[in-house]
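> Spelled out from the first residue to the last, the chains are:
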Amino acid sequence: MATTDVTPQSTGGQLGRKRIVNDMSIQVATVNGSGSQSSNTVLLRAIFQMGVPISGKNLFPSNIAGLPTWYTIRANKDGYIGRKKEIDFLVAMNAETAQDDVMSLAPGASVLYDEPLALDRLRSDLIFYAVPYDKLVAAVCPEAKLRKLVKNMVYVGVVAQLLEVEMGEVEKAIRKQFATKVKAANLNLAAAQAGFDYAKASLQKRGAFYIERMDKTAGKIIIDGNSAAALGCMFAGCTVVTWYPITPSSSLVETMIEYMKDYRIGPDGKATFAIVQAEDELAAIGMVIGAGWAGARSMTATAGPGISLMSEFSGLAYYAEIPGVIWDIQRVGPSTGLPTRTSQGDILSTAFLSHGDTKNIMLIPCSAAECFSMASEAFNLAEQFQTLVFVMSDLDLGMNNWMSDPFEYPTAPIKRGKVLDKQDLEKLGSFARYKDLDGDGVGYRTLPGTDHPAAAYFTRGSGHNDKSNYSERPDDYEDNMERLNRKFETARSFVPRPEVLKGNKAKIGIIAYGTSHWGIIESRDQLRNEYAIETDYLRLRAYPFTREVHDFIEQHERVYVVEQNRDAQMLSLLKLDLKPELLTRLRSISHLDGLPLDARSVTDELSTMEGK
Amino acid sequence: MATTPAEPRSSEPKTNHIGLTVIDYKGGKTTLCAGCGHNAISERIIEAMYDMGVQPERVAKLSGIGCSSKSPAYFMNRSHSFNSVHGRMPSVATGAMLANRNLIALGVSGDGDTASIGIGQFVHLMRRNLPIIYIIEDNGVYGLTKGQFSATADLGSKLKSGVINDLPPIDTCALAIELGATFVGRSFSGDKRQLSTMLKAAIAHDGTVMLDVVSPCVTFNDHEGSTKSYKYVKDHEETLQEMSFVPHFEEIDVEYDPGTTVNVTMHDGSHLQLRKLEEDYDPTNRIQAITRLTEAHEKGEVLTGLFYVNTKAPSFLDMLNMVDQPLATLPESVTRPGREALEAAMEELR
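From first to last, the protein sequence lines stand for chains V and X.
This note's numbering numbers the first residue of the first sequence as 1 and each following residue consecutively.
This note's numbering numbers the first residue of the second sequence as 1 and each following residue consecutively.
If you're looking for bench data, these hints aren't it; they were derived computationally from the structure.
Glycine included, every Cβ here is placed at the ideal spot set by N, Cα and C.
Hints may be right or wrong, so weigh each one.
[Claimed, not checked] Here are the computed lysine to aspartate or glutamate pairs in the EDC-like style, where the Cα-Cα straight-line distance is at most 16 Å:
(1) 220(V) / 348(X)
(2) 220(V) / 347(X)
(3) 415(V) / 166(X)
[Said to hold, decoys possible] Just a few of them, taken from the derived set where beta-carbon distance is under 8 Å, the chain X residues facing chain V:
(4) 29
(5) 30
(6) 32
(7) 94
(8) 102
(9) 190
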């Protein structure tokens with residue numbers, strides 16, 4: 001069985017003859033708080049600017065400074081930008097992890113290391129390049145206290161020289177990174193140049209990996225999913241944002257604050273929005289609900305522990321029928337342990353979040369572009385259905401750098417749902433808040449402050465009749481619950497439809513969602529090329545499930561549901577929806593190590609389950 | 001059919017200065033116990049809103065969970081109301097005010113809803129100085145769950161079952177003053193004149209009003225040994241000031257003797273006059289207010305009056321620097337930036 005498609009199987013000098021172009025992963029092992037993020041971004045951008053598809057993934061600890069951090073850049077000419085399991089080129093900057101990092105490499109990989117670490121003694125089947133960082137950085141950076149920060153930029157120059165990344169692009173990337181800080185840019189550029197010059201003079205290239213200019217990134221952008229979501233929410237006409245900081249969601253709101261300052265403050269200096277940092281997630285969701293009740297497009301962003309805290313209020317919003325948008329940037333469970341690792345572990349709990357019978361609409365983006373476009377869809381659905389809409393992103397999508405086509409300006413108008421204003425009430429005379437006049441389960445509401453004597457209604461949880469008067473009558477409760485169910489059923493026809501990719505007469509189907517997408521599209525090619533396994537693929541984009549999901553399962557003998565959690569959470573939701581005879585077709589492939597899903601893991605498991 | 005216009009009858013209902021009758025401020029029939037202090041508070045709210053000529057449609061009634069939190073159903077039916085979650089009305093109120101800054105937020109809570117489950121949201125509401133009238137209908141017990149102590153129950157107070165409270169009370173007024181609320185007082189549901197006056201001044205204030213209104217629970221906490229009974233409050237009440245209120249729309253010259261009376265000019269131009277019963281008490285002095293409240297606890301007094309007022313502090317909505325129009329109803333042309341904005345954002349990311 002093949003374990004890799006690119007890693008050379010032989011070692012040392014023989015590699016010089018082979019040339020592997022635009023297909024590699026570079027891992028930079030550093031200590032967090034050392035300024036390595038700038039260097040990593042510069043290297044990523046320089047390769048991107050040469051037209052090569054890339055992705056950048058940061059594996060970081062729950063810590064401010066001093067713990068190990070790994071950043072992986074993948075460059076791939078075919079556009080595979082999911083995580084690659086194998087590391088081809090290691091930049092070992094962290095003495096603490098260097099030994100383990102080197103020992104875990106496959107034979108033939110390259111290692112760039114700080115000379116005093118003497119890593120080349122560890123193994124004989126790798127290619128080693130030693131760099132005297134301290135000496136190089138001292139020469140270009142007279143100020144001793146800045147050396148720690150620019151030291152990392154030296155490796156960018158070394159890597160550029162070894163992989164043939166053009167220094168002109170490195171300079172451009174440095175200038176972009178440091179924008180208006182010209183002095184810092186010059187200093188960093190000198191450090192990169194020192195690395196480049198050293199490599200040219202003192203290192204002999206032996207590895208097979210090269211970057212060559214191509215044209216696959218023209219016009220594209222690099223953005224993380226949280227920033228994309230922030231932009232999306234701004235263009236969705238969001239007016240109230242309330243939040244409580246929690247990794248990995250904080251950057252969504254922090255970026256949004258910056259964008260809103262740039263684009264949503266009028267010429268008179270007044271804001272068309274309010275962003276409030278709440279005292280906890282309970283208050284954040286309470287404010288979202290208060291604002292949604294009073295007519296604002298309101299939202300919050302959080303992660304799993306925040307979702308748990310929002311449970312009670314979510315139930316109230318479900319029963320009282322109040323719109324709002326909640327971004328869940330999913331991560332591994334409780335706060336002590338792996339809060340900085342990715343996961344799709346909130347699917348089941350969010351679908352039914354809260355007490356009593358509740359069901360929530362979830363949208364699931366797989367890309368930065370979808371973070372942007374689903375923001376508008378989420379707000380429109382929330383107001384159309386007068387309910388909370390959860391957007392289920394994850395840490396991999398939210399916090400990592402993704403290459404993307406530029407976002408398309410939203411063309412669908414902002415839809416505010418069934419809201420009666422003063423003029424409507426003058427015509428109607430009165431209204432019943434929870435009466436299903438249109439057969440879609442959705443009633444008409446009024447906003448507090450509507451200047452009409454019949455505008456007011458009393459909002460409360462489950463105990464009300466269709467005029468929103470207090471009621472404990474069994475039939476009122478039952479009618480209301482049935483109507484809420486009708487509303488959810490109506491939503492099936494309005495949520496984003498899945499994306500279906502067909503293979504060649506495939507009997508096997510794959511269902512996945514969110515960031516698993518990037519591993520799946522690569523894995524499908526591996527399955528075809530290495531095992532002759534043809535697959536069709538359905539990417540879920542929303543809950544409740546649409547008809548296409550049922551059809552897809554009906555059309556396949558076996559359907560592998562791939563997800564980044566232990567308990568096959570989406571598969572469990574599917575089971576609740578499916579005809580009994582279809583249940584046995586479902587198989588689970590779960591990935592739960594906290595790292596983004598890679599294609600190889602799926603290929604290995606699926607091929608094994610197929611008996612190959 | 002009569003052809004001559006009817007003479008206006010002398011029995012025609014009285015109206016306030018915006019032309020509404022007191023009926024326009026009424027709510028549904030109360031379902032609270034007969035004699036419950038909360039019903040008296042509802043009456044005072046109706047009076048104050050009527051007297052001040054508040055448009056009922058501008059008022060948003062907000063409450064948590066408990067007997068007190070049910071009461072918004074019993075006044076002002078022409079106002080929207082939200083009976084939300086136990087202890088978490090402050091966040092809902094905050095959200096509503098962010099969405100529509102023109103609303104007049106009236107929060108009704110209880111001592112359990114505020115000082116126990118709700119203490120977290122309460123303290124953060126106080127420190128934001130959000131424009132809201134926050135009323136605690138304070139009876140020292142949980143009514144809906146049948147008479148357990150709340151966190152405002154006084155040390156040594158006795159339950160009907162004979163259980164003695166051995167934990168000190170949280171003084172919500174002292175807490176509110178310390179945290180930044182800008183209009184803080186305590187009253188008694190049985191003191192019609194004082195409560196009405198305070199409520200009218202509360203309506204005139206722009207910022208967080210925190211009124212702790214001792215409101216006896218006739219069913220679970222009105223017995224001998226309770227410190228929140230009608231009798232106990234009447235026997236132990238100490239009042240800081242005699243209050244009178246002159247609303248901005250009444251053209252009366254405001255005269256007072258600065259030696260005996262403090263005059264507070266409210267945000268809307270109304271005047272609240274406090275005739276001092278304690279000579280040295282200055283309601284604009286936070287430190288003095290907190291000291292006096294501590295002293296009251298030591299003396300076993302039920303101290304009422306306006307403890308603290310600050311009409312200069314910016315409200316939370318001022319700090320947010322929002323447009324004048326409610327965010328809730330801003331049109332798409334304002335809330336969705338144009339294509340050039342997206343293009344500029346994309347260019348930065350290339």
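> Does the closest beta carbon of chain V sit nearer than 8 Å to the beta carbon of residue 29(X)?
11 Å, violated
> Identify whether the interface hint at residue 94(X) stands, where standing means a beta carbon of chain V within less than 8 Å of its own.
5 Å, holds
> Holds or violated: is the Cβ of residue 190(X) closer than 8 Å to a Cβ in chain V?
28 Å, violated
> Next pair to validate is residue 220(V) with residue 348(X); report whether the Cα-Cα distance is within 16 Å.
Answer holds: residue 220(V) to residue 348(X) is near 11 Å, not above 16 Å.
> Between the alpha carbons of residue 220(V) and residue 347(X), is the straight-line distance 16 Å or under?
Holds. Residue 220(V) to residue 347(X) sits at ~9 Å (cutoff 16 Å).
> So, as I understand it, the hint says residue 32(X) touches chain V; can you test that by seeing if any CB pair is closer than 8 Å?
With a minimum Cβ separation of about 13 Å from chain V (threshold 8 Å), the hint on residue 32(X) is violated.
> Is residue 415(V) within 16 Å of residue 166(X), Cα to Cα?
Since the Cα atoms of residue 415(V) and residue 166(X) sit roughly 56 Å apart, the hinted pair is violated (cutoff 16 Å).
> Restraint: residue 102(X) near chain V, CB-CB cut 8 Å. Satisfied or not?
Hint holds; residue 102(X) Cβ to chain V Cβ min 6 Å, cut 8 Å.
> Return the status of the interface hint for residue 30(X): holds when the least beta-carbon distance to chain V is below 8 Å, violated otherwise.
12 Å, violated
The structure does not agree with the numbered hints 3, 4, 5, 6, 9 stated previously, though it agrees with the rest.
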